[in-house]
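Number of protein chains: 4
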Amino acid sequence: MTSTVISAETDIYARRESAARSYCRSFPASFTQAQGARLTDDQGNTYIDFLAGCASLNYGHNDPDLKAALIEHISADGLAHGLDYHNTPKADFLKTFERLILKPRGLDHRVQFTGPTGANAVEAALKLARKVTGRRTVIAFTNGFHGVTMGALAATGNSHHRGGAGGGSLTDVVRMPYDGAFGPEVDTAAQIEAMLDNPSSGIDAPAAFLLEAVQGEGGLNAANPEWLRKIERIARKHGALLIVDDIQAGIGRTGGFFSFEEAGITPDLIPMAKSLSGFGLPMACLLVRPQHDIWAPAEHNGTFRGNVHAFVTARAALVKFWSDKGFQNEVADKAALLTERLQRIAAIIPGASLKGRGMMQGIDVGSGELASEICARCYEDGLIIETSGAHDEVVKVLAPLTIETDLLAHGLDILQAAAGESVCVRALAAE
Amino acid sequence: MTSTVISAETDIYARRESAARSYCRSFPASFTQAQGARLTDDQGNTYIDFLAGCASLNYGHNDPDLKAALIEHISADGLAHGLDYHNTPKADFLKTFERLILKPRGLDHRVQFTGPTGANAVEAALKLARKVTGRRTVIAFTNGFHGVTMGALAATGNSHHRGGAGGGSLTDVVRMPYDGAFGPEVDTAAQIEAMLDNPSSGIDAPAAFLLEAVQGEGGLNAANPEWLRKIERIARKHGALLIVDDIQAGIGRTGGFFSFEEAGITPDLIPMAKSLSGFGLPMACLLVRPQHDIWAPAEHNGTFRGNVHAFVTARAALVKFWSDKGFQNEVADKAALLTERLQRIAAIIPGASLKGRGMMQGIDVGSGELASEICARCYEDGLIIETSGAHDEVVKVLAPLTIETDLLAHGLDILQAAAGESVCVRALAAE
Amino acid sequence: MTSTVISAETDIYARRESAARSYCRSFPASFTQAQGARLTDDQGNTYIDFLAGCASLNYGHNDPDLKAALIEHISADGLAHGLDYHNTPKADFLKTFERLILKPRGLDHRVQFTGPTGANAVEAALKLARKVTGRRTVIAFTNGFHGVTMGALAATGNSHHRGGAGGGSLTDVVRMPYDGAFGPEVDTAAQIEAMLDNPSSGIDAPAAFLLEAVQGEGGLNAANPEWLRKIERIARKHGALLIVDDIQAGIGRTGGFFSFEEAGITPDLIPMAKSLSGFGLPMACLLVRPQHDIWAPAEHNGTFRGNVHAFVTARAALVKFWSDKGFQNEVADKAALLTERLQRIAAIIPGASLKGRGMMQGIDVGSGELASEICARCYEDGLIIETSGAHDEVVKVLAPLTIETDLLAHGLDILQAAAGESVCVRALAAE
Amino acid sequence: MTSTVISAETDIYARRESAARSYCRSFPASFTQAQGARLTDDQGNTYIDFLAGCASLNYGHNDPDLKAALIEHISADGLAHGLDYHNTPKADFLKTFERLILKPRGLDHRVQFTGPTGANAVEAALKLARKVTGRRTVIAFTNGFHGVTMGALAATGNSHHRGGAGGGSLTDVVRMPYDGAFGPEVDTAAQIEAMLDNPSSGIDAPAAFLLEAVQGEGGLNAANPEWLRKIERIARKHGALLIVDDIQAGIGRTGGFFSFEEAGITPDLIPMAKSLSGFGLPMACLLVRPQHDIWAPAEHNGTFRGNVHAFVTARAALVKFWSDKGFQNEVADKAALLTERLQRIAAIIPGASLKGRGMMQGIDVGSGELASEICARCYEDGLIIETSGAHDEVVKVLAPLTIETDLLAHGLDILQAAAGESVCVRALAAE
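Protein chains in written order, with the working numbering: chain A, -5 to 425; chain B, -5 to 425; chain C, -5 to 425; chain D, -5 to 425.
Please note that the accuracy of each hint is not assured.
Chain copies aren't distinguished; within one or between two, either way the pair holds.
Stated by the list, open to error - Straight-line alpha carbon distances no greater than 25 Å define the calculated SDA-like cross-link-like pairs of lysine to any residue that follow: (1) K97 x D71; (2) K224 x T40; (3) K231 x L401; (4) K89 x A8; (5) K97 x R283; (6) K61 x D71; (7) K319 x R230; (8) K97 x A8; (9) K89 x R10; (10) K314 x E187; (11) K319 x A292; (12) K89 x S16; (13) K231 x A411; (14) K224 x E179; (15) K231 x D287; (16) K231 x G100; (17) K97 x A13; (18) K61 x C418; (19) K61 x H286; (20) K231 x G160; (21) K231 x P219; (22) K89 x G38; (23) K231 x H154; (24) K97 x L422; (25) K224 x V180; (26) K231 x S347; (27) K97 x T34; (28) K231 x S361; (29) K61 x Q29.
Note that these hints are calculated values from the structure, not bench results.
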């Protein structure tokens, strides 16, 4: 298989698509079809997908039941664009979400349909937390990623993305060390508490804490449940809202529907997006505890809040995967397999270590160069896989949760071979 | 027809949807189907749509050719979510956009697929203009609307939306008076030029001017072509980029594909969204002159940049409506009808005047109260129509461009009756 | 007289004084003594002082009565530095200020002794206005100058000084056109009111308007009393405080003790500095209407708030010059002389016009180059005089108010000769 | 002695001085004279001064030699106000400062005379660091105090003072933990380095580090020399300037002329003020390494940069106290006495500990309430002494460095008695 055969299509990209494009540089194939965990390009080559739309395709590509529901809706002239009108698919989604997700978890949150991107849900959360508390400062964390619009960008740690603001103001965010930022022995929550307890620390009373339970772009850093509970307690003590950005880590990716279930905390605001529609369609929402839902009508608005196609597939996904524990159990089994295999692979890479949780795991291989090399080899062998982390030093597995076990194993075989080869080549070169 | 019959569905909204919802308060029906310029609710009532998803449905609901293309794509397991991978529908869209839109208009712009909302395209423009110029200040205009994310919100004039930031910083934007802001006799462009020419004016050298050629939310204020050319000249003279936000006014809404064609200017950056997909699906892009396309890969990114369904319908729409002048001529005829009828309606409302251009026209009825009353009567009679303007004082007609002439006329009959009735009732009440 | 003989002292400046120094570049003499309106350098040359410490020496250098009071105080071991302790000279100053200045003008303001610089008094005003109103935005004006600390710098128009912030944030200030900014026929107050009345203008409700009644650094622009009254009315209508920065234009410079007396307005906050001590000693205060004096103790503090030497001379100056109308009448006579002579000088400069009011007048000679040339010639002939304005195009007369009439006339003779010579040389060069 | 006899003067303060006044609330006497370490009030009571104008009077009140020089200067009609003109006293000060202070310490810095307050020198430093580096972020520390103008206020930690901004923007400062902020065992410098080394930490590349070697207002926290050296190294490594604010801790207060001499570091920028004039007169400067002195003329300016009276006394002080090691040795002896006595006093207060260094020491008594009580008792017994720290929990001794040893001992006797009494009363009350 030769993915280096650049299709004739490519010219148009060079000529007319912005230099901001990126994944297509690592994976230059031109894709035409996709099913489950497999992608096909215009040369007929197939690829195993260990990226899954950056966790936007937790149920894989074109799940047949979701696809059927969507085609039926379109065929019947169901609405595509519904502003924030009432409409049957939206009502059905809300009722199903309430019944299968919120109620069983004791969550009384309301759903705000924001513009259909994760960044927009984070923007809504940042604005609402400030509105509720009358405060301006939001505490965000090292290595956090929350989007690249100017409000959300302020909360994003990555210097590459921050630089995209071209010097425009990224304000009202105070940065604190995430769990483990100074090594496992330093309790950063205690340090944060000391800062906030000190009236001369220079940290103004915060409107909110904004965090991911597992940092996806930041390097698959998984916060300890105990640390999350401490942060929740500190937030409550200081009158700040707790925002858990569950855009990448939520919707089954780390085990439960929400990434924070394990820690037993109750965030005030929860931005959701990515796999929310279940089909890869743009959809986002902010879950808001009722007492904080003080928006005036349309105070946060946007044209595409009512992506009705997405409501249809989102509901179908909830019914198919979250009506009982079956799916969760399956995911847990695959996550166990993943852990085991990644440990074996890490063992052959000097200094490597496992990162992450559930189906959001990877290997810190120590350098971005080595990680990129491994991913490039994988692509040559038909596996799409990416890096993350401050130095792109983590090879990250984000397979669809629905991937067949043997396909998952096959993908991991490719990864293991690529890792082994990369390490050997380096060892030889070093001699 | 009784739209006041609240369906049983409504409970779920009260219980679980955020207070931020708004259109459903004016139009409480629960919609189930839509075709062309007609919506149907769950009670079987039909409505004429003079809102068209706030100009996101310029080609109407569920256009049969676009719908067929979309169903074909989905049925064949075409990608739904494509990150920023190369894929056939994207290449086809780009090639068609180049051939039918950019080339004939002499535009050398590249296309940056941003997150699929207008606000995201504006955010990208604001960031890029700062990056290109190394400056921070962006000049935006009174009554401009550019979205509600924190960067874009800074550029939005409306105090209601600005208040949604809860006191968070909205920075680096300087506000200038739009054309006509101080009456028709004041040349605000000359005042802006005087401010910028004065090194002690306190206005820092701007990175960009950001404006709409016709302000949609701001009250259908249409800038004079001469004023637009002056602003373009001032921007060039001061080394600033010209950003024309064509999200609402573009894609045929005011006559040409772009709203600024008439003025003969060439913006450096053009945010597009709303009707871009042609089907109401979330899609946005930023057109960027090649010399300004200095993004590093992924410097501005986002999960849903590759909404492949939208590429499919967007291309189908270009082919169907922009292959020749037929559609534009049709739109011009309807716009002329609209002008004529609105003039007649305005004539019966004391002090009323026409606003806007093309199929983006309305009547300034002098007060938000009267405008709301007229719209509410329209809804009772099966017409969906909304207000705009700083005081919601403009009744705004945003019908699909594809609306049948007799349906347009029928809708305007309803509007005329509602206006007449509202004026009479008021006159009687005042006696 | 040869001021170009550089004294041996100069080396030390090149070696050890920062490049930020500036006046010494135009006037390179090394001064040793000063009396009234005369300065003497270390070569024995004398100069007429038409700069008066930028209006910090309204009573001239080393006024004998003030000097005697100061020496008496120091000799008796009176306090030099008094923090904000009660002390007799401070009490005496406050009582005299109340009796001779505040009460006769019907002002109930309190005196806040801020750090002893004008910028600090402006900083205190900006902070207090925000504290009182709970709002952030302050409206400042084109060509305004209010100091170069970061808060005050945000309110300063001059791009040279703004650039000194090195890209740091200058925030929360909205810039509006000063009276006459767009020519005499445009009522900028009406435009400002239109902006503030429009809820979609993008201008947030302001905490305060900050302005000078005559703009000193900005080019001796004197606002029309009617315009000042309009701004006061607009401020009240929109719940904003009115801050009149009387640092340069106050203390007799424009006729009355305050520059705004003529307009009959009552500012809420009045920053004072420069000639406040009467002797050129650092001293500043903010006058605050009692209802706005909501500071907590030390909330705005500073080490040198209690410059007791300055209290001593400030009180002596009030007693000497403001006990009756004699001084004001004298100043009015000199101002009339000044106007008459400047008109004659302006008449010989093509396109020149008079600027300013009272003893704060000058000539707009059309270009900074010509203005500098004239000032340089004056210096050669023993007259110290400077330029102001956005382009340094105004030759500005800021003589001590106490200057003897014949010395004033003598200085104006020098100015007239210099202007004539400069104009002739240019005319010849142009032939 | 009854300081509670409120003099008739007091009314005027209530009537006409702003509520921002503060020290006069703790020490309500009205002072008339001062000599060395003694103050006298209008009732003839005398007080020992352990506050020394918050370290602005390191050489005591009205030092006879400085006083004589000043009276001589004034008597001879020497300039009082000299803008930034060359003048003999300024040249003499610069030459003496170069000879006695800069050269012996190997410092090549230039002197920028800023507005005559510490805050202004800090503002100049913040602006210059941003100008030099082209960066915006300044790192400041917990418990730092750098003034209350809006730029400097951003760098101040204290929430009371920060609140004075009334919600205005305090931007572009990132807060880091000072040495010891998380206890003696945590190396905060290492944590800061980890944050800056991480490109995803969210901390933008800093323009500067701004710190005090001993935090005066923050609670007499003395940084370890090793920590200071680490911060210097980190600053250099990351291309940031090192600013040591030596306003309170400098000029002999902690032993050497500069507080950082002991650590052997070379700050790029050094704001100086308080005791710089030696006589309590307003004077400030910023020391700038020559390569960073990139100011354009007047880019940072201000009316009172040339307080010539202060140049006269400042030079006299340098000559008198810094011509040889005698003064420093004396100060060292007194500091040793101070340490010894404070240890004895701390021993009688449960949980108390010593803070600070040199003649800038105090006792952390555990609570602001107890500290205030002790200071109030001292005042009753004729000793002026204040608290500092985030909770005002530190009783701080800032006696003139020139205080006679027996007067210092006498003051400490009063402090000891007051501490003992306060502790006893509390112990009895607790029974």
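Status of the hints after comparison with the structure:
1. K97 x D71: Answer is neither: 32 Å inside a copy and 34 Å across each miss the 25 Å cutoff.
2. K224 x T40: Neither: 46 Å inside a chain and 54 Å across chains, both beyond 25 Å.
3. K231 x L401: neither (48 Å within a copy, 48 Å between copies)
4. K89 x A8: between (46 Å within a copy, 12 Å between copies)
5. K97 x R283: Within one copy only: 13 Å inside, 51 Å across.
6. K61 x D71: both (16 Å within a copy, 9 Å between copies)
7. K319 x R230: neither (32 Å within a copy, 56 Å between copies)
8. K97 x A8: between (50 Å within a copy, 16 Å between copies)
9. K89 x R10: between (44 Å within a copy, 8 Å between copies)
10. K314 x E187: neither (43 Å within a copy, 49 Å between copies)
11. K319 x A292: Neither, since 37 Å and 38 Å both go past 25 Å.
12. K89 x S16: Answer is between; shortest inter-copy Cα gap is 20 Å, intra-copy 38 Å.
13. K231 x A411: Answer is neither: 50 Å inside a copy and 39 Å across each miss the 25 Å cutoff.
14. K224 x E179: Both, since 16 Å and 22 Å are each at most 25 Å.
15. K231 x D287: Within one copy only: 21 Å inside, 32 Å across.
16. K231 x G100: Classified as within: same-chain Cα gap 22 Å, cross-chain 50 Å, threshold 25 Å.
17. K97 x A13: Classified as between; 20 Å across copies, 45 Å inside a copy.
18. K61 x C418: Neither way: K61 and C418 sit 44 Å apart in one copy and 53 Å across, limit 25 Å.
19. K61 x H286: So K61 and H286 fail the 25 Å test inside a copy (36 Å) and across (40 Å) alike.
20. K231 x G160: between (37 Å within a copy, 21 Å between copies)
21. K231 x P219: within (18 Å within a copy, 36 Å between copies)
22. K89 x G38: For K89 and G38, the Cα distance is within 25 Å only across copies (22 Å; inside one copy 42 Å).
23. K231 x H154: This pair counts as between: shortest inter-copy Cα distance 20 Å, intra-copy 34 Å.
24. K97 x L422: The answer is neither: 58 Å in one copy and 53 Å across copies each exceed 25 Å.
25. K224 x V180: Both: 14 Å inside a copy, 20 Å across copies.
26. K231 x S347: neither (36 Å within a copy, 29 Å between copies)
27. K97 x T34: Cα proximity of K97 and T34: none, with 40 Å in one copy and 32 Å across.
28. K231 x S361: Answer is between; shortest inter-copy Cα gap is 21 Å, intra-copy 40 Å.
29. K61 x Q29: both (11 Å within a copy, 22 Å between copies)
Of the hints listed earlier, those the structure fails to meet are numbers 1, 2, 3, 7, 10, 11, 13, 18, 19, 24, 26, 27, in rising order.
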